[in-house]
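Once you've looked at the hints, go ahead and assemble the two chains, each given alone in its own frame, into the complex.
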Amino acid sequence: MARREQEDTIIRVRGLRNGFGEQIVHDGLDLDVRRGEILGVVGGSGTGKSVLMRSVVGLQTPMEGTIEVFGENTIGREETDSINIRKRWGVLFQGGALFSTLTVSENVQLPIKEFYPGLDAALLQEIAAYKVVMTGLPANAAPKYPSELSGGMKKRAGLARALALDPELLFLDEPTAGLDPIGAAAFDELTLSLQKTLGLTVFLITHDLDSLYAICDRVAVLADKRVIAVGTIDELLALDHPWIQEYFNGPRGRAAVASAGNKPAPEDKRL
Amino acid sequence: MMRGSADFERIEDGGGTLRFTGNLSLACLRDLPDRLNAIEGPVAMLDLSGVERLDTVGAWLIHRFARDHQSEVRGLEPDEQHLLEQVAAAEQPVELPPRPASPLIRVVGEIGEAVTKSAGTMLGLLGFLGATLIAFWNVFTHPKRFRFNATIQRFEVVGVSALGIIGLMSFLIGIVIAQQGAVQLRQFGAEVYTINLVGRITLRELGVLMTAIMVAGRSGSAFAAQLGTMKLTEEIDAMRTIGVSPMEALVVPRTLAVVLMMPLLGFYASVVAIIGGALLSWATLGIPFVTFIERIREVVPLTDLWVGLVKAPVFGLIIAVSGCFQGMQVEGDAEQVGSRTTTAVVQAIFLVIVVDAFFAVFFSEIGWI
Numbered sequence: 054m055a056r057r058e059q060e061d062t063i064i065r066v067r068g069l070r071n072g073f074g075e076q077i078v079h080d081g082l083d084l085d086v087r088r089g090e091i092l093g094v095v096g097g098s099g100t101g102k103s104v105l106m107r108s109v110v111g112l113q114t115p116m117e118g119t120i121e122v123f124g125e126n127t128i129g130r131e132e133t134d135s136i137n138i139r140k141r142w143g144v145l146f147q148g149g150a151l152f153s154t155l156t157v158s159e160n161v162q163l164p165i166k167e168f169y170p171g172l173d174a175a176l177l178q179e180i181a182a183y184k185v186v187m188t189g190l191p192a193n194a195a196p197k198y199p200s201e202l203s204g205g206m207k208k209r210a211g212l213a214r215a216l217a218l219d220p221e222l223l224f225l226d227e228p229t230a231g232l233d234p235i236g237a238a239a240f241d242e243l244t245l246s247l248q249k250t251l252g253l254t255v256f257l258i259t260h261d262l263d264s265l266y267a268i269c270d271r272v273a274v275l276a277d278k279r280v281i282a283v284g285t286i287d288e289l290l291a292l293d294h295p296w297i298q299e300y301f302n303g304p305r306g307r308a309a310v311a312s313a314g315n316k317p318a319p320e321d322k323r324l
Numbered sequence: 058m059m060r061g062s063a064d065f066e067r068i069e070d071g072g073g074t075l076r077f078t079g080n081l082s083l084a085c086l087r088d089l090p091d092r093l094n095a096i097e098g099p100v101a102m103l104d105l106s107g108v109e110r111l112d113t114v115g116a117w118l119i120h121r122f123a124r125d126h127q128s129e130v131r132g133l134e135p136d137e138q139h140l141l142e143q144v145a146a147a148e149q150p151v152e153l154p155p156r157p158a159s160p161l162i163r164v165v166g167e168i169g170e171a172v173t174k175s176a177g178t179m180l181g182l183l184g185f186l187g188a189t190l191i192a193f194w195n196v197f198t199h200p201k202r203f204r205f206n207a208t209i210q211r212f213e214v215v216g217v218s219a220l221g222i223i224g225l226m227s228f229l230i231g232i233v234i235a236q237q238g239a240v241q242l243r244q245f246g247a248e249v250y251t252i253n254l255v256g257r258i259t260l261r262e263l264g265v266l267m268t269a270i271m272v273a274g275r276s277g278s279a280f281a282a283q284l285g286t287m288k289l290t291e292e293i294d295a296m297r298t299i300g301v302s303p304m305e306a307l308v309v310p311r312t313l314a315v316v317l318m319m320p321l322l323g324f325y326a327s328v329v330a331i332i333g334g335a336l337l338s339w340a341t342l343g344i345p346f347v348t349f350i351e352r353i354r355e356v357v358p359l360t361d362l363w364v365g366l367v368k369a370p371v372f373g374l375i376i377a378v379s380g381c382f383q384g385m386q387v388e389g390d391a392e393q394v395g396s397r398t399t400t401a402v403v404q405a406i407f408l409v410i411v412v413d414a415f416f417a418v419f420f421s422e423i424g425w426i
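So the sequences go chain by chain: A and B.
Here the first sequence stands for residues 54 to 324, where the numbers follow the numbering used here.
Here the second sequence stands for residues 58 to 426, where the numbers follow the numbering used here.
Chain B with its partners taken away, still in its complex shape (with noise of 0.2 Å):
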């Protein structure tokens, strides 16, 4: 097969020809584009006879140029001239994308839109609550619809099985403060206040929020992909079809045993973190157990184990809420349900974490010092 390039030449006869030689083809095309372009003023005929080889793009050109220089096309064969008709009907008005605005007004644009996105995101979690609520009420009022096996299936995924991964945890945390603590207590001479330090900080915050992000890793995650991935094979639909609320069915056992999980596990993370306290204190500050266990005793009040066990329950609200509601969000792909897990964590240990902050000051206010 020749493969000459394409080319064409005018020929001045009243009106102009153009007549065109080689192979008018994406492959052999060049420059002939931008000489089309060139050309101004009417051309009153287009003579094809000299074209060896014409493809979809080849014809475009020429319709294009036919179009813009009402020039009359010659010189085809039968099976040219059904492309360049199909080519032709195939015309849509091209819309060039925009041009991007400067860098400025797109940051701004870019902060405006990352706003208006969390605030709807936020609305949406505050309306999902307000479901759950009101899901939970509907349970409640007709106790036969509540799920008992499901629930306690929940209890012994968030609860049970967290105990290893959250007491490891703990343990190691307890043992990080009084190493810290006693470091820094005995520039003072004062490394008996250690045990306060261990005590306290353990039961009023780092227990309960430790455990909330490690229940927000575990099972807000696996919430979000598990919701997800059931509303993308249709389960959910398949749910409402038959009668069954994903709300009673799925939300409310999961939030349930979050919430009936977060104080037992942030209750059993302080006690594993305070023995870790009292190992690295006998070890290293020559503090007996039984002794570091007594001054837990005087000198931490009930009211700090209060305010770990008030806080717990609300955090898991937030972890399963948000957990659930991101799951439920999920629509069209895959790659939604990854994004939407990413989130439900992200989400739920901020809010935890906002929410914490509110507590720390009401617990001052009340006295709870």
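Chain A on its own, in the form it takes in the complex (with noise of 0.2 Å):
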């Protein structure tokens, strides 16, 4: 919504290392992340997707390596002292993760009440529900409990405490995994429609072709414990690299292929 500025970088991580104990996740990664766009990131298993997301968020202390968001250093930070990063980000977890003891609404309220403590309850109360229902839940889900909705409006109702503060970036794990194709692609659309309202940039962690095919600007590939290529896909494809051949040849990326419709068919972009 902004007037738009100049394409700048939001995310930058260089050097990035981690491991846990002996095992080393990632060793020299870097990756940048523009603003306004959304960065799919995808890997197989234990390839450390969710790992590099905890680092950008300040959940895991790598071992070596700078990781700036918004242009400031998160690493080694004190809670108080980042906070003007965090009210500028919303994190979506694969779970939801959301408060089990509070409603959906309640959820919602929480971080604006946290960073915000001046706003009367009645505002509160229609800012919760506007967000419950722009994340494509029905009205009266903001005030039931977590267990009493499915995994999918868990998903939602994350989504919706996400995007409280009206964040500029948006992380999201696997926010399409365990749904069903049209709610997955009911997902897609709201996060692109979201994107383009907001002005949102949106770090999307995901295994769902379709997802990247329909909604990501471009395309990290986690490999060999650091990212092996960026770009959109058709750049991805002129890669002669195995995995991402596989990844994206394989069975099911010719059916997101088919399915997206309008991208031209690989073979053409192969080299």
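To be clear, the hints were calculated from the coordinates, so they are not data collected in a lab.
You may find that some hints are simply not true.
Covered, in the sense of this in silico footprint (three residues per stretch, anywhere, with C-beta under 8 Å from a C-beta of chain A), are these stretches of chain B [as the list claims (entries may be wrong)]:
no. : stretch
1   : 134-141
2   : 216-227
3   : 383-394
Away from chain A, derived, C-beta distances all over 10 Å, residues of chain B [claimed, not checked]:
no. : residue
4   : 144
5   : 187
6   : 198
7   : 209
8   : 237
9   : 247
10  : 362
11  : 419
12  : 426
Virtual Cβ for every residue (Gly too), placed ideally from N, Cα, C.
Right, here's the structure in full:
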């Protein structure tokens, strides 16, 4: 919505090294996320997609490397120090991670109350109500507790909470996993529409090839402990990396291309 | 990026115009909502051409104001217009939570709810007891459906594995009773009645009662947690689809095991408690072990043994049924497994003590004193 600023880098990761004990997950990982784009992050199981996200949002302290978000270093900072960054992003965890003792509406209100304690209760209720509906939940879901919701509804409620502060940057960890194809497509459309209306930058971890084709501006591929390639799907297909070829040209990849329709068949682009 | 606070000024030009400036976003609102609320009467136009940034909260405030004052919104860029439409489309009537009632009414209400809930639980428990008896009858009439191996395995878990802890507990209880009895009775020069005290109270009451409490804590809770987890992971539903009745496959072996093991464990507990009492009497009162046992045979009527043995299977039934009942009631999330397990144990011990009181009166009335 923004009177759009020039394209600049919103997340900058350099030389990231992460590991658990002996096992190294990332080694020398570099990644840039540009303002206003939807960046898809793909990679086989265990390549550290979620670990990368946790490092960027500061839940995991890396062994080496620098991470800048909105131009500020996020590693090793005090909680109170990074509040100004924290209120500019929203995170959707895989299972929704809703607070089980609060209703959906209270879950959405919580971050707003935390950062802007002065708002009056009625306005908070109204804000929570329209956020819940904007994420595609029925209005009667707002007073329900998370245990009363289905898996897909929990994800939407989690998204409503992630969007509570109208963030500039949104992290989504496998948002369409476990949703039915219709629900997944609706979630894709919702992400795209929110990105357009709110001018969001989205960091999207996904295994869903349809999502990649449908909404991602660029895709980053994690393999061999680093990001081996970033680019549009067409650019990635032009690369001669076996994992990328298998990922996008496997039976599921072809089906996703067919359903995306307007994109050229991968065969045409191959070198 | 300029981060000016949201602000507006009122321009009087016929219908009235509000001209907004700054960032209409959550971080920059400050007192704007209150000032907007203070404006009364119709305002013809809202001019947003001076707004630098608009987020959904700002859009919501503009939408709400325009709706309440029948204003026209102007000066939006296309994507801002789109945002306003999206927010307007998501508008929902908000139901504010009802004001909390006065403390007195709340307390009375909570008591009422607790009473209805416990009445409902008791009714459910009675129904489950009925279902268990029907399952027993079905197994009895179709002996092939009886799970022999599962039942034997439950015997081991409920009975044999409990021998150690129940033995230790009973031994200590026997010592405590004998010690306390000796101290008190010595005041009347009647230490020798310690034998009567230990023998009669363990066989009639404490042996079986303490065993029941221990079995409720060990096995009743385990039943509730096992069946509850099986309910959550849909194992019980899977059983039903295969045509296996969970009542027959799960509840019958468990109930049978506890009902049969309780008299054995109760008798064992009484014997160990008497041994404990005898050892203490030997050490502090100088009553030889053999004399103690001989005196027990003289002062404890056989009916005392029957009192204990009649009560034990009834207690076992209560423990097994309430454990299985609470387990089968689990629905929804893992938290319920914990709370249902707690309820199963509390309910079982409470009912055991209530029933024990009835038994005490009953046996006195029929002359088994």
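Evaluation of the provided hints:
no. : hint    : result
1   : 134-141 : holds (count 5)
2   : 216-227 : violated (count 0)
3   : 383-394 : holds (count 3)
4   : 144     : 6 Å, violated
5   : 187     : 30 Å, holds
6   : 198     : 41 Å, holds
7   : 209     : 38 Å, holds
8   : 237     : 46 Å, holds
9   : 247     : 59 Å, holds
10  : 362     : 50 Å, holds
11  : 419     : 45 Å, holds
12  : 426     : 54 Å, holds
Violated hints, listed in ascending order, are 2, 4; each of the other numbered hints is respected by the structure.
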